[in-house]
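Each protein sequence line maps, in turn, to chains R and V.
The first sequence begins at 1 in the numbering used here and counts up by one.
The second sequence begins at 1 in the numbering used here and counts up by one.
Hints are computed from structural coordinates only; laboratory data are not their basis.
From the three backbone atoms N, C-alpha and C, an ideal C-beta is built for every residue, glycine too.
Certain hints may be false.
Said to hold, decoys possible - A few chain R residues facing chain V, derived, Cβ under 10 Å:
no.: 1; residue: E3
no.: 2; residue: K4
no.: 3; residue: L7
no.: 4; residue: I22
no.: 5; residue: V23
no.: 6; residue: G24
no.: 7; residue: Y29
no.: 8; residue: I61
no.: 9; residue: F76
no.: 10; residue: I97
no.: 11; residue: R100
What the hints assert, rightly or not - Okay, derived cross-link-like pairs now, DSS-like style, lysine-lysine, Cα gap no bigger than 25 Å in a straight line:
no.: 12; chain 1: V; residue 1: K37; chain 2: V; residue 2: K56
no.: 13; chain 1: R; residue 1: K56; chain 2: V; residue 2: K4
no.: 14; chain 1: V; residue 1: K56; chain 2: R; residue 2: K56
no.: 15; chain 1: R; residue 1: K56; chain 2: V; residue 2: K35
no.: 16; chain 1: R; residue 1: K56; chain 2: V; residue 2: K80
no.: 17; chain 1: V; residue 1: K35; chain 2: R; residue 2: K80
no.: 18; chain 1: V; residue 1: K56; chain 2: R; residue 2: K35
no.: 19; chain 1: V; residue 1: K4; chain 2: R; residue 2: K35
no.: 20; chain 1: R; residue 1: K30; chain 2: V; residue 2: K30
no.: 21; chain 1: R; residue 1: K4; chain 2: V; residue 2: K30
no.: 22; chain 1: V; residue 1: K56; chain 2: R; residue 2: K30
no.: 23; chain 1: R; residue 1: K4; chain 2: V; residue 2: K56
no.: 24; chain 1: V; residue 1: K80; chain 2: R; residue 2: K30
no.: 25; chain 1: V; residue 1: K4; chain 2: R; residue 2: K80
no.: 26; chain 1: V; residue 1: K4; chain 2: R; residue 2: K37
no.: 27; chain 1: V; residue 1: K56; chain 2: R; residue 2: K10
no.: 28; chain 1: V; residue 1: K80; chain 2: R; residue 2: K4
no.: 29; chain 1: R; residue 1: K4; chain 2: V; residue 2: K37
What the hints assert, rightly or not - Computed Cβ-Cβ distance ranges for the label pairs, DEER-style:
no.: 30; chain 1: R; residue 1: G101; chain 2: V; residue 2: R103; range: 23 to 33 Å
no.: 31; chain 1: V; residue 1: S110; chain 2: R; residue 2: E39; range: 43 to 53 Å
no.: 32; chain 1: V; residue 1: M113; chain 2: R; residue 2: D28; range: 18 to 28 Å
no.: 33; chain 1: V; residue 1: D107; chain 2: R; residue 2: I22; range: 27 to 37 Å
no.: 34; chain 1: R; residue 1: G101; chain 2: V; residue 2: K80; range: 32 to 42 Å
no.: 35; chain 1: R; residue 1: R100; chain 2: V; residue 2: I22; range: 22 to 32 Å
no.: 36; chain 1: R; residue 1: E109; chain 2: V; residue 2: S110; range: 50 to 60 Å
no.: 37; chain 1: V; residue 1: S110; chain 2: R; residue 2: K37; range: 43 to 53 Å
no.: 38; chain 1: V; residue 1: G38; chain 2: R; residue 2: D107; range: 45 to 55 Å
2 protein chains.
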Amino acid sequence: MEEKVNLAEKFELLGEPYSPGIVGYVNDYKLQIVKVKGEFVWHRHDDTDDFFLVLKGRLTIQLRDRDVVLDAGELFVVPKGVEHCPRADEETHVLLIEPRGTRNTGDTESPLMAAEVEI
Amino acid sequence: MEEKVNLAEKFELLGEPYSPGIVGYVNDYKLQIVKVKGEFVWHRHDDTDDFFLVLKGRLTIQLRDRDVVLDAGELFVVPKGVEHCPRADEETHVLLIEPRGTRNTGDTESPLMAAEVEI
Numbered sequence: 001m002e003e004k005v006n007l008a009e010k011f012e013l014l015g016e017p018y019s020p021g022i023v024g025y026v027n028d029y030k031l032q033i034v035k036v037k038g039e040f041v042w043h044r045h046d047d048t049d050d051f052f053l054v055l056k057g058r059l060t061i062q063l064r065d066r067d068v069v070l071d072a073g074e075l076f077v078v079p080k081g082v083e084h085c086p087r088a089d090e091e092t093h094v095l096l097i098e099p100r101g102t103r104n105t106g107d108t109e110s111p112l113m114a115a116e117v118e119i
Numbered sequence: 001m002e003e004k005v006n007l008a009e010k011f012e013l014l015g016e017p018y019s020p021g022i023v024g025y026v027n028d029y030k031l032q033i034v035k036v037k038g039e040f041v042w043h044r045h046d047d048t049d050d051f052f053l054v055l056k057g058r059l060t061i062q063l064r065d066r067d068v069v070l071d072a073g074e075l076f077v078v079p080k081g082v083e084h085c086p087r088a089d090e091e092t093h094v095l096l097i098e099p100r101g102t103r104n105t106g107d108t109e110s111p112l113m114a115a116e117v118e119i
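Make a model of the complete structure from these sequences and hints.
So, in structure tokens, the structure goes:
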């Protein structure tokens with residue numbers, strides 16, 4: 001990484017909700033930001049845990065047995081293999097960390113599947 | 001991870017600057033928080049990149065050829081093998097992500113070397 005990343009500035013480069021952008025890497029992990037609004041899709045990642053840190057707004061990570069509600073400054077790691085479905089009522093800004101090549105929709109085929117795009 | 005992590009609450013559990021606490025894991029990576037005040041020690045990690053996200057305050061990551069100054073909401077990844085020395089004039093709160101077993105002082109022997117402590 002040559003330059004620091006100002007997350008608020010990077011969010012201005014993002015388009016629609018659920019279209020993530022890669023802002024850097026730590027070894028073979030990608031650092032991704034994403035705007036969340038509305039409901040995503042139920043999915044799981046069989047090979048990796050899934051890191052969520054809320055920077056602005058409120059994110060609800062629906063699990064099959066409960067909801068985890070994250071406000072700004074709160075993080076949660078969905079364990080590998082656990083089904084989850086994020087949603088947000090207001091536009092919410094999230095930092096995601098997961099291995100390169102991890103598909104955003106996990107095991108689920110969906111129009112919300114996004115390519116890995118660096119911003 | 002059973003419960004979400006509220007980072008501000010976790011910082012209240014930390015002691016002195018440069019005594020990090022582990023708040024969770026993503027696969028074999030540790031999620032650590034640390035208070036920074038004053039100067040750390042020059043070191044490098046030959047086997048891993050080093051992730052810094054500032055949550056409060058201002059962190060200066062001194063590199064041998066320049067300084068990277070991070071305010072809240074800014075992140076930087078020090079590439080593996082690159083010497084660096086963090087410092088902060090005011091108490092600064094930082095989220096660190098690196099593989100489990102990564103020593104905080106890298107290749108440098110120092111009294112600031114810290115054990116891996118979960119909080």
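Tested hints:
The interface hint given for R/E3 holds, since its Cβ lies 8 Å from the closest Cβ of chain V, which is under the 10 Å cut-off. Look at R/K4: its Cβ gets to within about 5 Å of chain V, closer than 10 Å, so that hint holds up. The beta carbon of R/L7 comes within 5 Å of a beta carbon in chain V, closer than 10 Å, and the hint placing it at the interface holds. Interface restraint check for R/I22: the shortest CB-CB distance to chain V comes to about 12 Å, outside 10 Å, so the restraint is violated.
Because the closest C-beta pair between R/V23 and chain V is about 8 Å apart, less than 10 Å, the hint holds. Annotation: R/G24 was flagged as interfacial toward chain V, and the flag holds, the nearest CB pair being 5 Å apart, inside 10 Å. For R/Y29, the interface hint holds, the least distance from its beta-carbon to any beta-carbon of chain V being 7 Å, beneath 10 Å. For the restraint placing R/I61 at the interface with chain V, the shortest Cβ-Cβ distance is roughly 9 Å, inside the 10 Å limit, so the hint holds.
This hint holds: R/F76 has a C-beta 5 Å from the nearest C-beta of chain V, less than the 10 Å allowed. The beta carbon of R/I97 comes within 6 Å of a beta carbon in chain V, closer than 10 Å, and the hint placing it at the interface holds. Because the beta carbon of R/R100 sits about 13 Å from the nearest beta carbon in chain V, more than 10 Å, this interface hint is broken. Taking the CA atoms of V/K37 and V/K56, the gap is near 12 Å; set against the 25 Å cutoff, the hint holds.
Restraint check: the Cα-Cα separation between R/K56 and V/K4 comes to about 16 Å, which is no more than 25 Å; the hinted pair holds. Taking the CA atoms of V/K56 and R/K56, the gap is near 15 Å; set against the 25 Å cutoff, the hint holds. About 22 Å separates the Cα atoms of R/K56 and V/K35, which keeps this hinted pair within 25 Å; it holds. Taken as a hint, the R/K56 and V/K80 pair is broken in the structure, with Cα atoms around 30 Å apart against an allowance of 25 Å.
For the hint pairing V/K35 with R/K80, the CA-to-CA distance comes to about 30 Å; that exceeds 25 Å, so the pair is violated. The hinted pair formed by V/K56 and R/K35 meets the criterion: a straight-line CA distance of about 22 Å does not exceed 25 Å. Taking the CA atoms of V/K4 and R/K35, the gap is about 20 Å. The hint holds against a cut of 25 Å. With a C-alpha separation of about 15 Å, the suggested pairing of R/K30 with V/K30 holds against the 25 Å cut-off.
At most 25 Å may separate the alpha-carbon atoms for a hinted pair to count; R/K4 and V/K30 meet this at roughly 21 Å. Restraint check: the Cα-Cα separation between V/K56 and R/K30 comes to about 23 Å, which is no more than 25 Å; the hinted pair holds. Distance hint between R/K4 and V/K56 is fulfilled; the C-alpha atoms sit about 16 Å from each other, no more than 25 Å. For the suggested pair V/K80 and R/K30, the alpha carbons sit about 15 Å apart, so the restraint of at most 25 Å is met.
Taking the CA atoms of V/K4 and R/K80, the gap is near 16 Å; set against the 25 Å cutoff, the hint holds. The hinted pair formed by V/K4 and R/K37 meets the criterion: a straight-line CA distance of about 20 Å does not exceed 25 Å. The suggested pairing of V/K56 with R/K10 holds, with an alpha-carbon distance near 19 Å, which does not exceed 25 Å. Using a Cα cut-off of 25 Å, the hinted pair V/K80 and R/K4 holds, with the two alpha carbons roughly 16 Å apart.
Restraint check for R/K4 and V/K37: the C-alpha separation of about 20 Å stays at or below 25 Å, so the hint holds. In this structure the supplied range 23 to 33 Å holds for R/G101 paired with V/R103, their Cβ-Cβ distance being about 28 Å. The hinted window of 43 to 53 Å between V/S110 and R/E39 holds, with their beta carbons roughly 49 Å apart. Between V/M113 and R/D28 the beta carbons are some 27 Å apart, a value that agrees with the proposed interval 18 to 28 Å.
Between V/D107 and R/I22 the beta carbons are some 29 Å apart, a value that agrees with the proposed interval 27 to 37 Å. The hint said 32 to 42 Å for the Cβ distance between R/G101 and V/K80, and at roughly 20 Å that hint is violated. The hinted range of 22 to 32 Å is satisfied by R/R100 and V/I22, whose Cβ atoms lie roughly 24 Å apart. About 51 Å separates the C-beta atoms of R/E109 and V/S110, a value consistent with the hinted range of 50 to 60 Å.
At roughly 46 Å, the beta-carbon separation of V/S110 and R/K37 lies within the given 43 to 53 Å, and the hint holds. The given range of 45 to 55 Å is respected by V/G38 and R/D107, whose C-beta atoms sit roughly 47 Å from each other.
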